[in-house]
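So the protein sequences, as listed, match chains A and B. The opening residue of the first sequence carries number 1 in full-length UniProt numbering; numbering runs sequentially from there. The opening residue of the second sequence carries number 1 in full-length UniProt numbering; numbering runs sequentially from there.
If you are wondering where the hints come from, they were derived from the structure by calculation, not from laboratory data. Please read all numbers here as calculations on a predicted model, not as lab measurements. There may be inaccurate statements among the hints.
FRET-style restraints, in silico, Cβ to Cβ [to be verified]: (1) A/T232 - B/T262: 29 to 39 Å; (2) A/G317 - B/D233: 45 to 55 Å; (3) B/P18 - A/I304: 32 to 42 Å; (4) A/A354 - B/G425: 34 to 44 Å.
Just a few of them, taken from the derived set where beta-carbon distance is under 8 Å, the chain B residues facing chain A [unchecked claim]: (5) V116; (6) R118; (7) L119; (8) G123; (9) R124; (10) N202; (11) V318; (12) L333; (13) F343; (14) P356; (15) L371; (16) M384.
As a list, the in silico DSS-like pairs of lysine-lysine whose alpha-carbon atoms are at most 30 Å apart [stated by the list, open to error]: (17) A/K294 - B/K221; (18) B/K173 - A/K221; (19) B/K102 - B/K42.
Cβ atoms here follow ideal geometry from the backbone N, Cα and C, with glycine treated the same way.
There are 2 protein chains.
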Amino acid sequence: MASPQSLPDTQKAIRWHPPSYDIRVEDVPVPRVQHPDDAIIKVKLGALCGSDLHIYRGHGGVSQAHTCGHEFIGEVVALGENFRSNAQGRPALYSSLSVGDKVVSPFTVNCGECHVCRLGYTGRCPDGYLFGSPALEGGQAQYVRVPRAGGTLFNLSNPSTWSSALPNDVKQKALSNISDSSLLLLADILPTGVFAALQAINHPKVAPVITGKPWPLCFSKDVVPGNEVNFTDSDRMLTIAIIGLGPVGVCATVSMLDVLATRDIPFQIVAIDPIESRREKMKAVYDTIDAAGKGSGKFSVLSIDEAKVRVEEWTNGVGATAVLEVVGNTSALNLGYELVRAFGVIVSVGVHGAPPLPVTGRQLYNKNVSLDFGRCPARAMFPMAFDLLVKRQDVFGKVGEPASLIDRIVDFSQAAESYRAFDKGEVGKVIFDPWN
Amino acid sequence: MASPQSLPDTQKAIRWHPPSYDIRVEDVPVPRVQHPDDAIIKVKLGALCGSDLHIYRGHGGVSQAHTCGHEFIGEVVALGENFRSNAQGRPALYSSLSVGDKVVSPFTVNCGECHVCRLGYTGRCPDGYLFGSPALEGGQAQYVRVPRAGGTLFNLSNPSTWSSALPNDVKQKALSNISDSSLLLLADILPTGVFAALQAINHPKVAPVITGKPWPLCFSKDVVPGNEVNFTDSDRMLTIAIIGLGPVGVCATVSMLDVLATRDIPFQIVAIDPIESRREKMKAVYDTIDAAGKGSGKFSVLSIDEAKVRVEEWTNGVGATAVLEVVGNTSALNLGYELVRAFGVIVSVGVHGAPPLPVTGRQLYNKNVSLDFGRCPARAMFPMAFDLLVKRQDVFGKVGEPASLIDRIVDFSQAAESYRAFDKGEVGKVIFDPWN
Numbered sequence: 001m002a003s004p005q006s007l008p009d010t011q012k013a014i015r016w017h018p019p020s021y022d023i024r025v026e027d028v029p030v031p032r033v034q035h036p037d038d039a040i041i042k043v044k045l046g047a048l049c050g051s052d053l054h055i056y057r058g059h060g061g062v063s064q065a066h067t068c069g070h071e072f073i074g075e076v077v078a079l080g081e082n083f084r085s086n087a088q089g090r091p092a093l094y095s096s097l098s099v100g101d102k103v104v105s106p107f108t109v110n111c112g113e114c115h116v117c118r119l120g121y122t123g124r125c126p127d128g129y130l131f132g133s134p135a136l137e138g139g140q141a142q143y144v145r146v147p148r149a150g151g152t153l154f155n156l157s158n159p160s161t162w163s164s165a166l167p168n169d170v171k172q173k174a175l176s177n178i179s180d181s182s183l184l185l186l187a188d189i190l191p192t193g194v195f196a197a198l199q200a201i202n203h204p205k206v207a208p209v210i211t212g213k214p215w216p217l218c219f220s221k222d223v224v225p226g227n228e229v230n231f232t233d234s235d236r237m238l239t240i241a242i243i244g245l246g247p248v249g250v251c252a253t254v255s256m257l258d259v260l261a262t263r264d265i266p267f268q269i270v271a272i273d274p275i276e277s278r279r280e281k282m283k284a285v286y287d288t289i290d291a292a293g294k295g296s297g298k299f300s301v302l303s304i305d306e307a308k309v310r311v312e313e314w315t316n317g318v319g320a321t322a323v324l325e326v327v328g329n330t331s332a333l334n335l336g337y338e339l340v341r342a343f344g345v346i347v348s349v350g351v352h353g354a355p356p357l358p359v360t361g362r363q364l365y366n367k368n369v370s371l372d373f374g375r376c377p378a379r380a381m382f383p384m385a386f387d388l389l390v391k392r393q394d395v396f397g398k399v400g401e402p403a404s405l406i407d408r409i410v411d412f413s414q415a416a417e418s419y420r421a422f423d424k425g426e427v428g429k430v431i432f433d434p435w436n
Numbered sequence: 001m002a003s004p005q006s007l008p009d010t011q012k013a014i015r016w017h018p019p020s021y022d023i024r025v026e027d028v029p030v031p032r033v034q035h036p037d038d039a040i041i042k043v044k045l046g047a048l049c050g051s052d053l054h055i056y057r058g059h060g061g062v063s064q065a066h067t068c069g070h071e072f073i074g075e076v077v078a079l080g081e082n083f084r085s086n087a088q089g090r091p092a093l094y095s096s097l098s099v100g101d102k103v104v105s106p107f108t109v110n111c112g113e114c115h116v117c118r119l120g121y122t123g124r125c126p127d128g129y130l131f132g133s134p135a136l137e138g139g140q141a142q143y144v145r146v147p148r149a150g151g152t153l154f155n156l157s158n159p160s161t162w163s164s165a166l167p168n169d170v171k172q173k174a175l176s177n178i179s180d181s182s183l184l185l186l187a188d189i190l191p192t193g194v195f196a197a198l199q200a201i202n203h204p205k206v207a208p209v210i211t212g213k214p215w216p217l218c219f220s221k222d223v224v225p226g227n228e229v230n231f232t233d234s235d236r237m238l239t240i241a242i243i244g245l246g247p248v249g250v251c252a253t254v255s256m257l258d259v260l261a262t263r264d265i266p267f268q269i270v271a272i273d274p275i276e277s278r279r280e281k282m283k284a285v286y287d288t289i290d291a292a293g294k295g296s297g298k299f300s301v302l303s304i305d306e307a308k309v310r311v312e313e314w315t316n317g318v319g320a321t322a323v324l325e326v327v328g329n330t331s332a333l334n335l336g337y338e339l340v341r342a343f344g345v346i347v348s349v350g351v352h353g354a355p356p357l358p359v360t361g362r363q364l365y366n367k368n369v370s371l372d373f374g375r376c377p378a379r380a381m382f383p384m385a386f387d388l389l390v391k392r393q394d395v396f397g398k399v400g401e402p403a404s405l406i407d408r409i410v411d412f413s414q415a416a417e418s419y420r421a422f423d424k425g426e427v428g429k430v431i432f433d434p435w436n
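Turn these sequences into a full structure, and let the hints guide you.
Written as structure tokens, this is what we have:
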């Protein structure tokens, strides 16, 4: 274990000020260990995420100035006293994390040892403070304090402390080859995209199409003789609409393509955004993916009106089997309701605001719609997201190219301008380097 | 095949008149075959269902007088010309159904040969007219016309045309022993109850508790080493809240108990209704069920306020894993939201009205709630519901006892009074015998 580095007293941080649109780079104290479970991370890169815009615009119900950012990657520089060689009965990192280790954090804290965390629902740990909120200073800074760090962090220097479907040597080699900006996608947007795809694919209402057995036999391992149904090719066709092609929407699309290609599920996907530059990005990403990663299904990137016509044509008016709503507002939900079939599912991973839902109980009853809302349990999704990150370095490994999710890496002097341009849709995902 | 019986010209029928609360027994024409796929059924029994009350109260948006009722059992008295010995490529009943056969119908028509029906989503067949609506005369009559009858009906005289998990001899013997009033429960309320339970049990957000593997490993057949989590007994405990103990709510509860007992899943169930007589009925039903049918979990029947406290106590404030909302109004949905845990699921099988949903997108996001709405695909659920009907004759085989779902069988002269008393909660489920 390396010796704790001596920390400076002050640091630079990107901070939001109320009521809205006010981003400043300020000198603030460097955080110290406050609790024996804390880790202090020296941030290498901190990213700007679409959900930062809720607070930026003053829509977050927040009135307290704070350091922004819930996506960061960095190096451990100090650990609380609960990190020791034999922290038995606690998450593995309490015994193995060392000063000097490279870590990535999910966007929320999770203790890793409560009932909710054990179930894998790490996004709703009762200790689950969101980084970059009044409750917890964020990672768009030179240093950040991570509470419950043995449950929260992933140790990228010691991949034996977590596992994936990849062999250890592949995992180790991948880690040494993948850039920090690429690994930073594991903090939020990549697991959130995988989460959206996973919920749709595993929803019971999608099961008949995937299993080729009608509801409710799709849940039974045994075929009950006399109830066989001869499915046609079109019955087995999964029609997916993905609404919103910001960075998370692109991740959800790439993840969905990968699942469908890997499992050889026939599909047709329409990826939808009203903004042309986002559609162009999605097309460039799709063109980049190799044949094994995108399978042989149909794939269209369309505006809203075009998409309505396309889903109608593809499904003879039946509608999409599943909709991924990756925006988080009522018009996107409304579009989802319009596109989804009876007995279809709408998965919504966007951060929704306070307006009432745009559909009534009667409408949901009349179409037998299922809705799955909520925040990604990023810590639990990490291994699956990591595997996709390794597979899809053609997409996730690049910066500033037409097919890359990350538009640019800038220094803190460009913070306010980057927020402004990102809010206006003039730039894609921006990453801050706090040390340049 | 028996010869078609000669049908009378007129019959007695229970009819609703606008705007509300106006039930009359009237002489109306006996229906005739209008389409080659039609069957005419001589009704033996027709039942009154909670969802009939929407139209009765004038809440259904209906302005046209019509014959009521979507639950009926009877005998085939006429068939369209598409019923013939070799109707190849069509649902089996077109080749095998005969005049004289005893049949039960699901509450909606389903063709059995479209994409939606093949998937098992028979409740949303594009031809899926609801019996007892302006679109299709109902079964509270002496005769009823069943469109798409080869796809819609179940032939209880010839159980080889459908299948269940039961051996054929058990099935045949059961059919000869089960009363018509008991079989009539297959038209709607029993499959709807089974549907509610099935959706909850198979929802992906319930999977960690059932599989004992955390999200998202619960979807993987292989355990990925390094991600094992030691679940405690309380992590494996499924907490279910069932809101609404009308006949469908009781069926949902009996079905849920049966699934949990059969699969040996540890559980605690709270069954909730504000009306004491319904709670007493639920308790009597529970006491009737044998040990194999109710397993060894905790089971409480409580009022709303008691239930809130109980779920809090049972789960240390985490909330119910799944909620079955078997009412169909906003206060029931609100209670569901309050009781459900983060990453929980609310299954709603009630017929909802036009009011906006009582929860916002922000609330659903903040709790990662899943909602599954809609009408039961009763035709598809029939085999599973039949098996439960056979198993639970201790509950479903009785009339007029404290533990029976069916309160009384009456003649048509008591139609208006029965609607009134059922609407006021003064009687339980009522069945009409049109021939007494």
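So, going through the hints one by one against the coordinates:
Distance hint check: the CB atoms of A/T232 and B/T262 are about 34 Å apart, consistent with the given range 29 to 39 Å. Taking 45 to 55 Å as the suggested C-beta distance range, the pair A/G317 and B/D233 conforms, at roughly 50 Å. At roughly 40 Å, the beta carbons of B/P18 and A/I304 sit within the given window of 32 to 42 Å. For A/A354 paired with B/G425, a C-beta distance near 36 Å keeps the hint of 34 to 44 Å intact.
Checking B/V116 against chain A by beta carbon gives a least distance of about 7 Å; that is within 8 Å, so the hint holds. Against a cut-off of 8 Å between C-beta atoms, the interface hint on B/R118 holds, since the closest Cβ of chain A lies about 5 Å away. Hint status for B/L119 relative to chain A: holds, with the closest Cβ pair at about 4 Å, below 8 Å. Hint status for B/G123 relative to chain A: holds, with the closest Cβ pair at about 7 Å, below 8 Å.
Taking 8 Å as the C-beta contact cut-off toward chain A, the hint placing B/R124 at the interface holds, the least distance being around 4 Å. At a threshold of 8 Å, the smallest CB-CB gap from B/N202 to chain A is about 4 Å, leaving the interface hint in force. A distance limit of 8 Å between C-beta atoms decides the matter here; for B/V318 the minimum to chain A is near 6 Å, and the interface restraint holds. Look at B/L333: its Cβ gets to within about 7 Å of chain A, closer than 8 Å, so that hint holds up.
Against a cut-off of 8 Å between C-beta atoms, the interface hint on B/F343 holds, since the closest Cβ of chain A lies about 4 Å away. Taking 8 Å as the C-beta cut-off, the interface hint given for B/P356 holds, the closest approach to chain A being about 5 Å. Because the beta carbon of B/L371 sits about 5 Å from the nearest beta carbon in chain A, less than 8 Å, this interface hint is met. Annotation: interface hint on B/M384 holds; nearest CB of chain A at approximately 6 Å, less than 8 Å.
With a C-alpha separation of about 24 Å, the suggested pair A/K294 and B/K221 falls inside the 30 Å cut-off, and the hint holds. For the given pair, B/K173 sits about 26 Å from A/K221 by alpha-carbon distance, which is consistent with the 30 Å threshold. Taken as a hint, the B/K102 and B/K42 pair is honoured in the structure, with Cα atoms around 9 Å apart against an allowance of 30 Å.
The structure fails none of the hints (numbered hints given earlier).
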